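Novice: In order, the protein sequences belong to chains A and B.
With the working numbering, letter number 207 in the first sequence gets 207, and the count goes up by one each step, no holes.
With the working numbering, letter number 340 in the second sequence gets 574, and the count goes up by one each step, no holes.
To be clear, the hints were calculated from the coordinates, so they are not data collected in a lab.
Just so you know, not all the hints are guaranteed correct.
[What the hints assert, rightly or not] Pair ranges (Cβ atoms, derived):
(1) A:119 / B:425: 34 to 44 Å
(2) A:15 / B:638: 55 to 65 Å
(3) B:538 / A:13: 51 to 61 Å
(4) B:263 / A:177: 53 to 63 Å
(5) B:616 / A:214: 38 to 48 Å
[Claimed, not checked] Chain A is faced by these chain B residues, among others (derived, beta-carbon under 8 Å):
(6) 385
(7) 457
(8) 468
(9) 469
None of these values were measured; they are calculated from a predicted model.
C-beta atoms are modelled at their ideal positions from N, C-alpha and C, and glycine is treated no differently.
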Amino acid sequence: MWNQVGHTLSNSMAQAMGRFASLLPGILAFLLAVILFSLIGGLLAWVVRRILISLRFDERLGRGTEAVTEWSPHQTPAGLAARLVFWTFVVIGITVGVDAFGASSQSEIAVGLLEYLPKLIGAGVILLVGNIVARFLSRGVLIGAVNMNLQYARLLSLVVKWMVLALTTAMALDHLRIGEKIVDLAFGILFGGIVLSLALSVGLGSRDLVSRSIEREASRANAAPAHEEELRHF
Amino acid sequence: MAKVEVEEETGGSSQSAPQAELVVGLPGVVNVERVRAVATQWSGVGHRVAVVYPCVPGMSQAPETLGDGGEVRVVAKEIAAVANAAAPWLGQPAVYAALLAEAESLGAGACVILNPDLAAFTPAVVDALVRPIRESQCDLAMPLYRAGPFDGLLNQAILAPVTRALFGKRVRYPLAQDFAVSAGFLPGLRQSISTPAAGQGLLWPATEAVIREKKVCQVYLPVHHDYPMAGMDLPALLQQIVSPLFADMDRHASLWQRVRGSHSPTESGVEPMPDEAPAATSPDPRPMVEAFQLGQRNLQELWSLVLTPVTLLELKKLSRQPLESFRMPDELWSHVVYDFGLAYRLRTLSRGHLLGAMAPLYLGWVGSRVLEVESGVPWVPRQEQLERAFEQNKPYLVQRWRWPDRFNP
Numbered sequence: 001m002w003n004q005v006g007h008t009l010s011n012s013m014a015q016a017m018g019r020f021a022s023l024l025p026g027i028l029a030f031l032l033a034v035i036l037f038s039l040i041g042g043l044l045a046w047v048v049r050r051i052l053i054s055l056r057f058d059e060r061l062g063r064g065t066e067a068v069t070e071w072s073p074h075q076t077p078a079g080l081a082a083r084l085v086f087w088t089f090v091v092i093g094i095t096v097g098v099d100a101f102g103a104s105s106q107s108e109i110a111v112g113l114l115e116y117l118p119k120l121i122g123a124g125v126i127l128l129v130g131n132i133v134a135r136f137l138s139r140g141v142l143i144g145a146v147n148m149n150l151q152y153a154r155l156l157s158l159v160v161k162w163m164v165l166a167l168t169t170a171m172a173l174d175h176l177r178i179g180e181k182i183v184d185l186a187f188g189i190l191f192g193g194i195v196l197s198l199a200l201s202v203g204l205g206s207r208d209l210v211s212r213s214i215e216r217e218a219s220r221a222n223a224a225p226a227h228e229e230e231l232r233h234f
Numbered sequence: 235m236a237k238v239e240v241e242e243e244t245g246g247s248s249q250s251a252p253q254a255e256l257v258v259g260l261p262g263v264v265n266v267e268r269v270r271a272v273a274t275q276w277s278g279v280g281h282r283v284a285v286v287y288p289c290v291p292g293m294s295q296a297p298e299t300l301g302d303g304g305e306v307r308v309v310a311k312e313i314a315a316v317a318n319a320a321a322p323w324l325g326q327p328a329v330y331a332a333l334l335a336e337a338e339s340l341g342a343g344a345c346v347i348l349n350p351d352l353a354a355f356t357p358a359v360v361d362a363l364v365r366p367i368r369e370s371q372c373d374l375a376m377p378l379y380r381a382g383p384f385d386g387l388l389n390q391a392i393l394a395p396v397t398r399a400l401f402g403k404r405v406r407y408p409l410a411q412d413f414a415v416s417a418g419f420l421p422g423l424r425q426s427i428s429t430p431a432a433g434q435g436l437l438w439p440a441t442e443a444v445i446r447e448k449k450v451c452q453v454y455l456p457v458h459h460d461y462p463m464a465g466m467d468l469p470a471l472l473q474q475i476v477s478p479l480f481a482d483m484d485r486h487a488s489l490w491q492r493v494r495g496s497h498s499p500t501e502s503g504v505e506p507m508p509d510e511a512p513a514a515t516s517p518d519p520r521p522m523v524e525a526f527q528l529g530q531r532n533l534q535e536l537w538s539l540v541l542t543p544v545t546l547l548e549l550k551k552l553s554r555q556p557l558e559s560f561r562m563p564d565e566l567w568s569h570v571v572y573d574f575g576l577a578y579r580l581r582t583l584s585r586g587h588l589l590g591a592m593a594p595l596y597l598g599w600v601g602s603r604v605l606e607v608e609s610g611v612p613w614v615p616r617q618e619q620l621e622r623a624f625e626q627n628k629p630y631l632v633q634r635w636r637w638p639d640r641f642n643p
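Next comes chain A alone, as it looks inside the complex:
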C-alpha cells in the first residue's frame, strides 16, 4: 500500500512539475517583454526629457501646466511627459508579455489569472490616483480651513481624506469584482450613515454648540473688515 501511495505522490509531483515547466517559456517570454519594453521606455523617456528641456518646454507651457503640477508638485511638465512615455511602454510590455504567456500556456488557471491581470493593474491605478487626490484635497481643505480661522480644520481635512480613500477603495474593489453588491451596499450604508450622523449631530446633539460657533464666526466676519481696513498688505 505504501508503495502505491508513494507512486501516486511521485506521479502527481511529476505532473505538477511538468505543468510548471510548460509555463516556464511563457513566464520567460513575459519577463523578457516587460524588461525589453521598460528599457526602450526608459531610453525614450530620457530622450523626451532632454529634448523638452532643451526646448524650454516648462517655461513655454507656462501657466497652463500649473494645474497639472499642482497635483504632482515634485514633477515638472517635462518630467511628467517623460514619465508618461516610460509607463506607456511598461504597460505595452506587460500587454505583449501577457499575450506571449497566454499563447504558450494551455493551463486554464494561468489563462484565468492572465485575464484578471489588467483588472489588477486598473485597480492599482485607481488606488494610486485616489491616494493622490485624497492627499491633495485634504491638504487644500486643511489650509483653506485654517485661513478661514476654523478651529476644526484638521477634523474637516481628515473627513475629506478618509471619504475619498473609502470611495477609492470601493471603486477598486468594484473594479476587481470582489463582493460587488456587498461593497456597493456597504459603501452606500457607510456614506449615508456618515452624512446622516453628521446631520443628526448638527441638527440635534450639537445644536447649541453649532449655533454658538456660527455666531462666533459671524461676529468675527463682521469685525474683520474693521481690522482689514487698517491694514494695507500691498
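We have chain A already, so just place chain B on it with the hints.
Specialist: Below, chain B alone, put in the same frame as chain A:
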C-alpha cells in the same frame, strides 16, 4: 486753451508718429477724460510728450494731439493681454512690454510708467521721476512713497527685504507701479518681460536694472495709492505677489548667489516729514496672532515639509508667547521666507498650497509688527533692522539653496 485735433492714423501704428521726448505709459484701464485733462497741462512745456494707454483690440480710437504746437499726443494702443481677474491692479507684463516697445519706437528719451489709478499722473510727479534720468544720474527711477507703518505690509515683510538681500540694492518698493526708465534701459527692460518665463510673472524693474548693471535711483513722491482688496483673501494675494517673487528668485539664482552686501540708490525729491505720513490707526493684533497660533496647531505637518527643525521649534516657542510679549524675531522670519522660497523651487508642496500655508506665518509677522508699533518702536529704523537681518542671513539661504538635503539645521 489747448486745441484737440484727431489724426487719421490708428492707435496701433506708430511708424509715422512724430518723435516724443517723453512717453507716459498707463498700463491698465484708465479714465480717458481725466487723462486728456491732465495731458493738456503738458502743452507748452517745450518738449513732446506721448501718453499711451492700452485698449482692447478692435476698440482703438484715433490718437489725439493736444496743444497748439501738437506737443502732447494721447494714444490708445491696442494690446491683447489677459487681465488678472484676481488682482486687476497688478500690471500685466504683456502690457508693460507693449508700452515700452511703443516708447522705443517713438524714440523717447525717457519713459514713465504710472499706476492706472492716475494718482501719480500729474506733471509734477512725472517731472520728479524723469529729472534724475534727464540729468543722467540713473537709468531707472523708482518711487519712495509717503507711507505709514501699516501700509504695504507685504512689501515691508517680504518684497523689499528679499530684493535687498538677493540683489544688493536697497529699493524700498521693488514692485512699484510708478517708475521711469531711460532710453538706454528701455530695450533691456522690454526684453526681460518678453521671455515666456517672465511673461507669466510680474515686472520687477529694479531687479532687471541690477542684472543689467544699470544705475537705479529713488525719488520721493507725494503719492498714495489705494488698492481695492475687497473680496480678495490673503492666500490669493500671496499667490499673486509672492509667487512671482519666488519664481524670479529661482530664475536669477546663479546671479544673486554671487552678490554680497547692499548699496543704497541715490535719492532725490523732498523727503516727507514724519507727521506728513498717513495717519496710522493701530489695528487689533489679536486676530492675527490667533491666526498664527491656529496655523501652528494645524499646519505642523505641512510646515515640517518646508521649514527646518530649528525654525519649527522657534515657531512652536513663539506660539506659546502671551499676546503682550509676542514678537517674531527678524532672523526667524528671514529663515521662514527663505525656506518657503526654496520650497517653491523644489516643489516640496504644490505651489498653491505652499503660499496658503505661508499665510498664517505672515499674519504672525504682521501681528508682531503691530505690537511693536503700538509699544512705541519707530517703524522706519525697525524696517531697516529687518532688512539688514535678511541680508545677514543670506548665507543661510545660499547654503540651503545649494544643499537642501545636507544643510537642514
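Novice: Could you work out which of the previously given hints the structure breaks and list their numbers from low to high?
Specialist: 1, 7
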